[in-house]
Amino acid sequence: MRMTQDANRRHIELEGVLNFRDLGGHPSRDGQAVVWRRLYRSGELQCMTKHDALRLKEEIGLKSVIDIRSAGEVKRQGIGLLPEVGARYYGVPFTGGKDTGSSEERFRMSSSMGEVYWLALQQTEMGKKIAEAMEIIADPENHPLVFHCTLGRDRNPRRNAVECPGRSR
Numbered sequence: 058m059r060m061t062q063d064a065n066r067r068h069i070e071l072e073g074v075l076n077f078r079d080l081g082g083h084p085s086r087d088g089q090a091v092v093w094r095r096l097y098r099s100g101e102l103q104c105m106t107k108h109d110a111l112r113l114k115e116e117i118g119l120k121s122v123i124d125i126r127s128a129g130e131v132k133r134q135g136i137g138l139l140p141e142v143g144a145r146y147y148g149v150p151f152t153g154g155k156d157t158g159s160s161e162e163r164f165r166m167s168s169s170m171g172e173v174y175w176l177a178l179q180q181t182e183m184g185k186k187i188a189e190a191m192e193i194i195a196d197p198e199n200h201p202l203v204f205h206c207t208l209g210r211d212r213n214p215r216r217n218a219v220e221c222p223g224r225s226r
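Residues 58 to 226 in my numbering are what the sequence shown lists, from first letter to last.
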């Protein structure tokens with residue numbers, strides 16, 4: 058029963074943002090658990106509505122966003138209403154020194170998410186980017202924090218993120 062309760066608490070329903078989830082409650086190696094309402098993951102944020110922005114600001118108190126999309130993806134898709142939330146924005150593209158392709162392109166070339174991550178890890182700058190993101194996450198001044206990309210588990214890779222279909226702004 059506890060897993061069901063935790064699963065119900067984990068998902069934060071937003072109008073324009075897919076898969077906004079609390080990472081709290083997951084067990085750590087030392088028997089502790091990740092603290093609730095401190096660290097989130099989500100789909101792309103550029104489709105958030107004004108109502109979403111208000112909730113992220115007032116209910117969640119979001120202080121920081123780590124955007125791991127490539128520079129090209131950010132340029133094409135933008136960051137939407139994120140400035141209205143008032144959170145610090147950290148662009149930490151999980152790509153090499155130059156934009157060697159979007160997450161969507163790597164997704165199409167791969168047969169599984171494991172392969173997508175494996176291809177990303179082949180880029181020489183990935184270790185530096187992971188360390189940079191972990192330093193941001195480790196700083197309690199940045200909490201609550203959300204990190205996001207364009208694609209990933211439970212998200213639709215075919216959605217045209219720029220148009221945000223079916224979502225009013």
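It cannot be assumed that every hint is accurate.
Unchecked claim - Distance ranges between label pairs, derived from CB positions:
hint: 1; residue 1: 132; residue 2: 176; range: 20 to 26 Å
hint: 2; residue 1: 135; residue 2: 86; range: 21 to 27 Å
hint: 3; residue 1: 132; residue 2: 89; range: 36 to 42 Å
hint: 4; residue 1: 85; residue 2: 168; range: 19 to 25 Å
hint: 5; residue 1: 88; residue 2: 166; range: 37 to 43 Å
Hints were generated in silico from the structure; no laboratory data involved.
Every residue, glycine too, gets a C-beta built ideally from N, C-alpha and C.
Quick rundown of the hints versus the structure:
1. In this structure the hint that residue 132 and residue 176 lie 20 to 26 Å apart at CB holds, the actual value being about 22 Å.
2. As the Cβ distance of residue 135 to residue 86 is approximately 38 Å, the hint placing it in 21 to 27 Å is violated.
3. Range check, residue 132 to residue 89: Cβ separation about 40 Å, and the 36 to 42 Å hint holds.
4. Hint check: residue 85 to residue 168, Cβ distance near 31 Å, so the stated range 19 to 25 Å is violated.
5. In this structure, residue 88 and residue 166 meet the distance hint of 37 to 43 Å, their C-beta atoms being roughly 40 Å apart.
Hint check: violations occur at hints 2, 4; the rest are consistent with the structure.
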